[in-house]
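2 protein chains.
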Amino acid sequence: MTPDRLDHIFSALADPTRRAILARLALGTTSVTELAQPFDISGPAITKHLKVLERAGLVIRGREAQWRPCSLNAGPLKEATDWLERYRQFWEGSFDRLAEYLKEVQTNGEQDG
Amino acid sequence: MTPDRLDHIFSALADPTRRAILARLALGTTSVTELAQPFDISGPAITKHLKVLERAGLVIRGREAQWRPCSLNAGPLKEATDWLERYRQFWEGSFDRLAEYLKEVQTNGEQDG
Numbered sequence: 034m035t036p037d038r039l040d041h042i043f044s045a046l047a048d049p050t051r052r053a054i055l056a057r058l059a060l061g062t063t064s065v066t067e068l069a070q071p072f073d074i075s076g077p078a079i080t081k082h083l084k085v086l087e088r089a090g091l092v093i094r095g096r097e098a099q100w101r102p103c104s105l106n107a108g109p110l111k112e113a114t115d116w117l118e119r120y121r122q123f124w125e126g127s128f129d130r131l132a133e134y135l136k137e138v139q140t141n142g143e144q145d146g
Numbered sequence: 034m035t036p037d038r039l040d041h042i043f044s045a046l047a048d049p050t051r052r053a054i055l056a057r058l059a060l061g062t063t064s065v066t067e068l069a070q071p072f073d074i075s076g077p078a079i080t081k082h083l084k085v086l087e088r089a090g091l092v093i094r095g096r097e098a099q100w101r102p103c104s105l106n107a108g109p110l111k112e113a114t115d116w117l118e119r120y121r122q123f124w125e126g127s128f129d130r131l132a133e134y135l136k137e138v139q140t141n142g143e144q145d146g
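Protein sequence lines, in the order shown, are assigned to chains Z and X.
To convert, take the position in the first sequence, counting from 1, and add 33; that gives our numbering.
To convert, take the position in the second sequence, counting from 1, and add 33; that gives our numbering.
Just chain Z, with the same shape it has in the complex (with noise of 0.2 angstroms):
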């Protein structure tokens, strides 16, 4: 995978807006019509966010009907994941470090009491 790549997945990622429309997706295949209904934003601004999803491969356009219809693709979020999961045991390490501590702490509580 190019870093280029990633870059254009994490970025994508990184608007709310965009992470409601993957949500609104992975309910099915719809219509910009009706995938801008809940937002208020304006049409072009629905597109442009679109576009961005389409560059990072995370939205599909159909080219079968008139309407176009817009499909998930989450192809692209398992590569995200894969780059996160080698930071993995970093954020395991960090958590089993919280849980001896307070293991400790109440270790230590129950001799006091």
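A few of these clues could be false.
The list treats identical chains as interchangeable, and a pair is accepted whether it falls inside one copy or across any two copies.
[Unchecked claim] Below 25 angstroms or equal to it, Euclidean Cα-Cα: the simulated DMTMM-like pairs (lysine to aspartate or glutamate) are: (1) Lys81 / Glu125; (2) Lys84 / Glu118; (3) Lys136 / Glu97; (4) Lys81 / Glu67; (5) Lys136 / Glu112; (6) Lys84 / Glu97; (7) Lys84 / Asp73; (8) Lys136 / Asp40; (9) Lys111 / Asp40; (10) Lys111 / Asp37; (11) Lys81 / Asp37.
Note that these hints are calculated values from the structure, not bench results.
Given chain Z, work out where chain X should sit, using these hints.
Then chain X, alone, in the frame of chain Z:
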């Protein structure tokens, strides 16, 4: 978690230099000078990248020493992964479908041969 927080995290990850900084910090705490060495960019540019990473909570700068050591803070990477995990069924679903298709193609090929 506020949407804002995920915006900062994903935005911080959408740059190859910032991802490389995190990879370097995964090896251990270091100074900004050492951190800048492998990159062909200016000191101010590194400082700017560090500010974006700090805002996302991914990098913590020590205050105990004059050289203000930089450390990785992996917690926000877990938050990003938690968000992505909601979509796991979608990418696993598509890979399952691909695996089924490939199996089918292979089986048909064997029958033909």
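Classify it for me, Lys111 with Asp40: is the Cα-Cα distance of at most 25 angstroms met within a copy, between copies, both or neither? Classified as both: same-chain Cα gap 14 angstroms, cross-chain 19 angstroms, threshold 25 angstroms.
Treating 25 angstroms as the Cα threshold, decide for Lys84 and Asp73: within, between, both or neither. Answer is within: at 18 angstroms inside a copy they meet the 25 angstroms cutoff, but 32 angstroms across does not.
25 angstroms Cα threshold - placement of Asp37 relative to Lys111: Both. Shortest intra-copy (16 angstroms) and inter-copy (22 angstroms) distances satisfy the 25 angstroms Cα cut-off.
Lys136 and Glu97: within-copy, between-copy, both or neither at 25 angstroms Cα: neither (59 angstroms within a copy, 28 angstroms between copies)
Between copies, within a copy, both or neither: which fits Lys84 and Glu118 at Cα up to 25 angstroms? This pair counts as between: shortest inter-copy Cα distance 24 angstroms, intra-copy 27 angstroms.
State whether the alpha carbon distance between Lys81 and Glu67 is at most 25 angstroms within one copy, between copies, both, or neither. The answer is within: 16 angstroms in one copy meets 25 angstroms, while 40 angstroms across copies does not.
Up to 25 angstroms between alpha-carbons, please classify Lys136 paired with Asp40: within, between, both or neither. neither (40 angstroms within a copy, 34 angstroms between copies)
What label fits Lys81 with Asp37 when the C-alpha limit is 25 angstroms: within, between, both, or neither? both (19 angstroms within a copy, 20 angstroms between copies)
How would you label the pair Lys81, Glu125 (within, between, both, or neither) given a Cα cut-off of 25 angstroms? neither (37 angstroms within a copy, 28 angstroms between copies)
Check Lys136 against Glu112 for me: Cα-Cα at most 25 angstroms, and say if that holds within a copy, between copies, both or neither. Between. Shortest inter-copy distance 24 angstroms satisfies the 25 angstroms Cα cut-off; intra-copy 36 angstroms does not.
Can you give me the call for Lys84 and Glu97, within, between, both or neither, at a CA distance of at most 25 angstroms? within (18 angstroms within a copy, 46 angstroms between copies)
In terms of the numbered hints stated before, the structure departs from hints 1, 3, 8, listed from lowest to highest.
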